[in-house]
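Asker: These protein sequences, in sequence, are chains A and B.
Residue numbers for the first sequence, in the working numbering: 1 to 326.
Residue numbers for the second sequence, in the working numbering: 1 to 356.
Honestly, the hints are just simulated from the structure, not real lab data.
Misleading hints may appear alongside valid ones.
Stated by the list, open to error - Calculated cross-link-like contacts (lysine to aspartate or glutamate; reagent style EDC-like; alpha-carbon spacing at most 20 Å):
| hint | chain 1 | residue 1 | chain 2 | residue 2 |
| --- | --- | --- | --- | --- |
| 1 | B | K276 | B | D261 |
| 2 | B | K147 | A | E281 |
| 3 | B | K232 | B | E335 |
| 4 | B | K345 | A | E281 |
| 5 | B | K178 | A | D55 |
Chain by chain, the residues run as shown.
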Amino acid sequence: MPVKTIVQAVNEAMEIALEQDPSVMVMGLDVGTNGGVFRATEQLQEKFGEHRVVDTPLAESGIVGTAIGLAANGMKPIVELQFMGFIYSAMDQLCSQAARVRFRTGGRFTAPMVIRGPFGGGVHALELHCDSYESFFTHTPGLKVVIPSSPYDAKGLLLAAIQDPDPVVFFEPMKIYRSVKEEVPDEAYTIPLGKAKIVKEGEDLTIVSWGAPVHIAKKTAEKLQSEKGVSVEVIDLRTLVPFDTETVINSVRKTGRVIVMHEAVKTSGFGAEVASRIMEEAFLYLESPVERVTGFDTPYPFPQVEHEWMPNENRLLRAVDKVLHY
Amino acid sequence: MMETKTCDLVRRIGDDGQLLQNKTLNLSEYELRGLYKKMLMARLYDERAFRLQRQGRIGTYPPYSGQEAAQVGSAFALEKGDWLFPYGRDLAACFTFGKDMKTALLYAMGHKDGSLVPDDVNIFPLAIMIPPQIPQAVGAAWASKLKGEDRVALTTFGDGATSKGDFHEGLNMAAVLKVPAVFLCQNNKWAISVPIEKQMATETISQKAFAYGMPGVRVDGNDVLAVYEVTKEAIMRARNGEGPTLIEAVTYRVGPHTTSDDPTRYREDTIAQEWKSKRDPVFLFKNFLLKQGLWTEEEDAETAERMKNEINEAVKEAESTAKTKLSDIFDHVYETPTTDLILQKEEISSEQFITK
Chain A
1 MPVKTIVQAV
11 NEAMEIALEQ
21 DPSVMVMGLD
31 VGTNGGVFRA
41 TEQLQEKFGE
51 HRVVDTPLAE
61 SGIVGTAIGL
71 AANGMKPIVE
81 LQFMGFIYSA
91 MDQLCSQAAR
101 VRFRTGGRFT
111 APMVIRGPFG
121 GGVHALELHC
131 DSYESFFTHT
141 PGLKVVIPSS
151 PYDAKGLLLA
161 AIQDPDPVVF
171 FEPMKIYRSV
181 KEEVPDEAYT
191 IPLGKAKIVK
201 EGEDLTIVSW
211 GAPVHIAKKT
221 AEKLQSEKGV
231 SVEVIDLRTL
241 VPFDTETVIN
251 SVRKTGRVIV
261 MHEAVKTSGF
271 GAEVASRIME
281 EAFLYLESPV
291 ERVTGFDTPY
301 PFPQVEHEWM
311 PNENRLLRAV
321 DKVLHY
Chain B
1 MMETKTCDLV
11 RRIGDDGQLL
21 QNKTLNLSEY
31 ELRGLYKKML
41 MARLYDERAF
51 RLQRQGRIGT
61 YPPYSGQEAA
71 QVGSAFALEK
81 GDWLFPYGRD
91 LAACFTFGKD
101 MKTALLYAMG
111 HKDGSLVPDD
121 VNIFPLAIMI
131 PPQIPQAVGA
141 AWASKLKGED
151 RVALTTFGDG
161 ATSKGDFHEG
171 LNMAAVLKVP
181 AVFLCQNNKW
191 AISVPIEKQM
201 ATETISQKAF
211 AYGMPGVRVD
221 GNDVLAVYEV
231 TKEAIMRARN
241 GEGPTLIEAV
251 TYRVGPHTTS
261 DDPTRYREDT
271 IAQEWKSKRD
281 PVFLFKNFLL
291 KQGLWTEEED
301 AETAERMKNE
311 INEAVKEAES
321 TAKTKLSDIF
331 DHVYETPTTD
341 LILQKEEISS
351 EQFITK
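Construct the complete structure from the given sequences, taking the supplied hints into account.
Answerer: In structure tokens form, the structure reads like this:
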């Protein structure tokens with residue numbers, strides 16, 4: 001089976017969707033001739049023409065707003081934002097409009113679309129390009145929020161997101177866009193939204209994560225197993241909304257100790273939601289408080305300190321120690 | 001100073017109440033009467049809705065009296081299957097294009113079904129925000145073009161909306177993509193308390209169209225025949241693949257911004273009174289029809305009476321509609337409710353849940 005990167009998997013998913021469904025279109029700045037600033041839309045305009053893979057003017061709100069009208073009138077737009085950092089310009093269209101079209105009209109109109117783009121830090125990108133924005137959207141009923149951490153998942157989740165009848169915000173972790181590679185089948189397949197993945201099974205401790213930090217969790221878990229005999233279970237949520245509470249709770253009932261790790265800043269990060277759910281549904285199984293390893297409550301920092309700011313192995317190991325010896 | 005291109009004000013009905021010289025009418029007598037009836041009905045509804053709010057029977061309400069020509073005249077030019085993306089003060093356009101009064105009242109009463117429209121009527125919910133409906137209309141028009149349909153999207157907004165980013169982004173995209181959209185700005189000269197002089201430095205709104213590369217038209221917004229004609233022309237151009245048009249309908253907000261607003265805090269009433277007494281669009285058109293011999297005072301009184309009864313019926317129906325239940329609100333967040341929503345719905349359905 002061919003080995004692919006996340007960017008290639010995303011490209012392939014869009015190609016399949018464009019092939020399968022004539023209402024699917026890809027739109028955004030640079031998605032045409034340039035093939036996307038990260039090459040996620042490479043070759044798509046050549047294959048499907050400039051009416052289905054459309055270079056739009058530079059206008060995030062206008063792009064998302066037109067996507068709502070397109071979707072309401074029968075199209076299936078996939079909007080690429082060059083960086084998710086630009087999504088703030090489209091907040092009104094996304095949160096007060098797209099998210100509520102179905103609700104406000106009792107289902108008479110809907111806005112099925114995918115807003116996708118790279119996010120997250122660790123690549124010395126320009127400032128304002130690196131934040132983790134997921135909580136804005138998990139806090140907006142009507143939107144679904146998907147964050148793959150591997151090429152295989154990226155393809156299956158993106159195809160599911162494109163087929164979904166509701167608007168989906170699809171975050172692609174920039175740091176591992178090309179550095180993580182794995183076998184990805186050429187053919188179409190979907191991974192249902194709302195199902196977490198147990199990346200590694202374990203008995204002593206659960207690490208819940210999503211996006212790029214999943215790989216830190218996995219590597220650290222393997223190290224803890226071989227060096228200290230600590231058995232760590234790693235869960236990749238993959239979809240934050242809908243949230244797969246069941247997989248998390250089952251794991252906590254088994255291990256009794258939990259760390260949530262995410263790149264987004266700590267306060268009101270989705271880790272707080274994960275911790276609350278565990279409190280509500282597995283309180284008596286807990287052997288220690290839920291620990292969080294996250295970005296600090298500052299704006300995303302200057303590149304010279306970003307690697308210390310982001311959740312990393314050292315900070316995770318300290319949290320493991322704290323949770324195991326509470 | 002650089003010479004700027006502006007547009008002449010398009011009118012059809014002259015100061016004498018007659019059709020202006022050299023102008024012809026493209027509407028049949030039946031259509032002219034129909035157009036007037038829609039304006040009259042809209043006016044009577046607006047007056048009733050205002051009173052209903054004062055009686056505490058509906059919530060905050062933005063009256064549109066004085067803007068019926070712009071609203072009814074533009075929507076009257078649409079055809080079945082077209083799209084309407086209305087702004088918050090545009091119920092008369094919605095009624096003209098197929099929304100019913102009962103539903104409008106339900107909206108004002110805070111009922112979940114207040115933005116419902118029949119399956120064959122494409123009216124998006126009143127925008128409320130300012131003006132997300134502009135790019136949305138561009139998208140709907142774009143979809144029509146991509147699907148090879150000849151459907152047009154009309155979107156309406158006020159003068160304040162032209163200062164916002166979505167106005168610029170939407171009009172620019174529409175022109176670049178050459179989509180079949182019509183942008184109708186109802187320039188009523190006020191954004192709550194801020195007058196148009198503080199809103200923009202351009203002489204007109206229609207001239208902004210030229211910067212986007214589309215036709216700009218300035219029309220007497222209180223002259224329903226003129227609004228209808230220019231909108232019809234813009235729609236025809238759009239349907240023929242000739243792209244979008246910006247229309248500025250010049251009118252005046254004679255009432256408050258909403259029932260919660262008190263205009264005496266920020267403006268003298270004299271100008272509003274002058275528009276009301278000399279430029280009332282419903283009166284102007286009625287006067288025109290009377291002079292043409294297409295309408296009589298007797299018909300007017302009878303029709304108004306019948307309409308008031310219809311409005312009464314709509315009020316009765318709306319007030320007797322079963323109220324929205326808390327358990328109703330979970331069903332249309334997503335097509336398939338998430339587990340969390342199902343659990344929350346179950347929670348509020350249980351006997352232990354205290355609702356008051």
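Asker: Run every hint past the structure and note whether it holds.
Answerer: Here is how each hint holds up against the structure:
no.	hint	in the structure
1	B:K276 x B:D261	18 Å, holds
2	B:K147 x A:E281	49 Å, violated
3	B:K232 x B:E335	37 Å, violated
4	B:K345 x A:E281	18 Å, holds
5	B:K178 x A:D55	14 Å, holds
Checked against the numbered hints given earlier, the structure breaks hints 2 and 3 and satisfies all the rest.
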